[in-house]
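Protein chains in written order, with this note's numbering: chain A, 173 to 407; chain B, 173 to 407.
Any given hint could turn out to be false.
Since the list gives no way to pick one copy over another, a pair counts as held whenever it fits inside one copy or between any two copies.
DSSO-like mimics (lysine-lysine), calculated; alpha carbons at most 27 Å apart, straight line [what the hints assert, rightly or not]: (1) K354 to K325; (2) K302 to K354; (3) K302 to K325; (4) K397 to K351; (5) K220 to K202; (6) K361 to K238; (7) K202 to K348; (8) K348 to K322; (9) K322 to K234; (10) K351 to K192; (11) K322 to K363; (12) K404 to K302; (13) K404 to K325; (14) K397 to K354; (15) K227 to K322; (16) K322 to K202; (17) K348 to K397; (18) K302 to K351; (19) K397 to K211; (20) K220 to K354; (21) K351 to K325; (22) K348 to K234; (23) K202 to K404; (24) K302 to K322; (25) K348 to K325; (26) K325 to K363; (27) K192 to K404.
Hints are computed from structural coordinates only; laboratory data are not their basis.
Number of protein chains: 2
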Amino acid sequence: MIFAAILAGGSGSRMGNIEKPKQFLTLGSKPILIHTIEKFSIVNSFEKIIVLTPKNFLSHTKDLIKKYIEDSDNIVVIEGGNLRNDTIMNAIDYINDNFQIDDDSIIVSHDSVRPFVTYRIIEENIEFCKEYGACDTVIPATDTIVESNKDNKISAIPLRDNLYQGQTPQTFKINKLAKLYKNINDDDKNKLTDACKIFVLNNEDVYLVNGDVTNIKITYPYDLKVADAILKDQV
Amino acid sequence: MIFAAILAGGSGSRMGNIEKPKQFLTLGSKPILIHTIEKFSIVNSFEKIIVLTPKNFLSHTKDLIKKYIEDSDNIVVIEGGNLRNDTIMNAIDYINDNFQIDDDSIIVSHDSVRPFVTYRIIEENIEFCKEYGACDTVIPATDTIVESNKDNKISAIPLRDNLYQGQTPQTFKINKLAKLYKNINDDDKNKLTDACKIFVLNNEDVYLVNGDVTNIKITYPYDLKVADAILKDQV
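Required output: the full structure, derived from the provided sequences and hints.
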């Protein structure tokens, strides 16, 4: 069984003083979140597409899905957690409560604010995860990456050839992810901004799937302008 | 004395099958390179703005500057090198051949394909370099950065809080840069994709200047669409 988890838990503090979290902002003719859900809707593999939002946006999200998505039978909206990994664990709890999964069952987790994910990327995530147990979507780093630990000075410039910019989806065998997450202490849990790091900290392999430069994350107001340009180019 | 080096040496192989290097592509009403030169032209500090291009584009570049830049007396076009640092060293050779510099003389090096650099960023580069000897323009990394050494697997996910995406300008005391570059063996020289790394490899401090998300590098066709969106937003 394969599940999708659309992570729409963020409150969008980096977007400046706006009323709505960024996943609910309009891009073209509909909310960003709807664009994202649509990309998963056209993939037939999913037992359930689980959308995770802040508590006070649950009914709004359900209304939007009813309004924009024609066939929404396999979509469910539940509450997300405070941190990214809490949100993923909420999805896993929901799956365990409602389905009989086994060790080959897979969760494809994806940022709700990456509306330009492609069918090819989602399919490759599923394939790679089936084969390897975990995978991450990345593109080669185009910028030089600079490390600075303190004092506003450069401490290192790692070799760019080995560096990638992480995107999503990030895809995992569900039971393995849940088991590895339990191995991590609370301190480390709070520092985890990334689900793949659960595997890396446990010395487990995570394979790389080729993402796409257009698979951007809409974080800042500037990104919304870029997103509009990408959208116009696709229509 | 303060000099600018606009690095237009690249042949733009990542842009796909196009006739012209990317710095000569049109953005809005004029070539990208001209936008970039204009940003430096309005800063009064420069003794000379040195534009470095491939040999076969020298006269074309001179023609463009004549056509688009009203007051071009302090602009000179010379040949760049094969690698980024060769190009910077060509600029330094030119400076030494034509000016009497001292240990406080500064070179502000900048990618010709970053046309949205701001007056504020250039001024802060000059200030920080005067104070510290070298500085680099960066923004906090927004994407998770993933390291992979082999086998298409993740080898590490460094803590994002310490990571920055490098932009340009990169600004240096000229004599110090030239001296440190001589300390590096040829093997390491060929691996240097970044001028700041000359300082880092010599355990010399490089200070960070805040860049801007719009200070993008136009590398891929996709970036040109983003650039158009930024330009429209600024007009």
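Hint by hint, here is what the structure shows:
Taking the shortest alpha-carbon separations for K354 and K325, only the inter-copy value of 23 Å comes in at or below 27 Å, while the best intra-copy value is 37 Å. Proximity of K302 and K354 under a CA criterion of 27 Å is satisfied intra-copy only: 22 Å inside one chain copy versus 51 Å between copies. In this assembly of identical chains, K302 and K325 lie within 27 Å of each other by CA distance solely across copies; the values are 15 Å between and 43 Å within a copy. With identical chains, the CA atoms of K397 and K351 are never at most 27 Å apart, being 41 Å at best within one copy and 44 Å at best between copies.
In this assembly of identical chains, the alpha carbons of K220 and K202 lie at most 27 Å apart only when taken from the same copy (22 Å versus 51 Å across copies). Proximity of K361 and K238 under a CA criterion of 27 Å is satisfied in neither setting, with 35 Å inside one chain copy and 59 Å between copies. Proximity of K202 and K348 under a CA criterion of 27 Å is satisfied in neither setting, with 36 Å inside one chain copy and 55 Å between copies. For the homomeric pair K348 and K322, the shortest alpha-carbon distance between copies (23 Å) is at most 27 Å, but the shortest distance inside one copy (36 Å) is not.
For the homomeric pair K322 and K234, neither the shortest alpha-carbon distance inside one copy (45 Å) nor that between copies (43 Å) is at most 27 Å. In this assembly of identical chains, K351 and K192 lie within 27 Å of each other by CA distance neither inside one copy nor across copies; the values are 35 Å within and 54 Å between. Within a single copy, K322 and K363 get their C-alpha atoms as close as 18 Å, and across copies as close as 26 Å, so both meet the 27 Å cut-off. Taking identical chains as interchangeable, the C-alpha atoms of K404 and K302 are never at most 27 Å apart, the minima being 35 Å within one chain and 45 Å between chains.
When the C-alpha separation of K404 and K325 is checked against a cutoff of 27 Å, the pair qualifies neither within a copy, at 40 Å, nor between copies, at 35 Å. Proximity of K397 and K354 under a CA criterion of 27 Å is satisfied in neither setting, with 40 Å inside one chain copy and 44 Å between copies. In this homomeric assembly, K227 and K322 never come within 27 Å of each other (Cα to Cα): the closest approach is 37 Å inside a single copy and 42 Å across copies. Proximity of K322 and K202 under a CA criterion of 27 Å is satisfied in neither setting, with 43 Å inside one chain copy and 41 Å between copies.
In the homo-oligomer, the alpha carbons of K348 and K397 never lie at most 27 Å apart, since the shortest distance is 39 Å inside one protomer and 41 Å across protomers. For a Cα distance limit of 27 Å, the shortest separation of K302 from K351 inside one copy, 17 Å, qualifies, whereas the shortest one across copies, 54 Å, does not. Taking identical chains as interchangeable, the C-alpha atoms of K397 and K211 lie at most 27 Å apart whether they share a chain (21 Å) or sit on different chains (23 Å). Taking CA atoms no more than 27 Å apart as the test, K220 paired with K354 passes inside one copy only; the shortest distance there is 24 Å, against 61 Å between copies.
For the identical chains of this complex, K351 and K325 are inter-copy neighbours only, at 21 Å across copies versus 39 Å inside a copy, given an alpha-carbon limit of 27 Å. With identical chains, the CA atoms of K348 and K234 are never at most 27 Å apart, being 30 Å at best within one copy and 62 Å at best between copies. Proximity of K202 and K404 under a CA criterion of 27 Å is satisfied in both settings, with 14 Å inside one chain copy and 23 Å between copies. Taking the closest pair of Cα atoms, K302 and K322 come within 27 Å of each other only across two copies (21 Å); inside a single copy the shortest separation is 41 Å, beyond that limit.
With identical chains, the CA atoms of K348 and K325 are at most 27 Å apart between copies only, with a shortest distance of 17 Å across copies and 40 Å within one. Taking the shortest Cα distances, K325 and K363 sit within 27 Å of each other both inside one copy (23 Å) and across copies (22 Å). In the homo-oligomer, the alpha carbons of K192 and K404 lie at most 27 Å apart both inside one protomer (24 Å) and across protomers (26 Å), since each shortest distance falls under that limit.
Of the numbered hints stated above, those contradicted by the structure are hints 4, 6, 7, 9, 10, 12, 13, 14, 15, 16, 17, 22, listed in ascending order.
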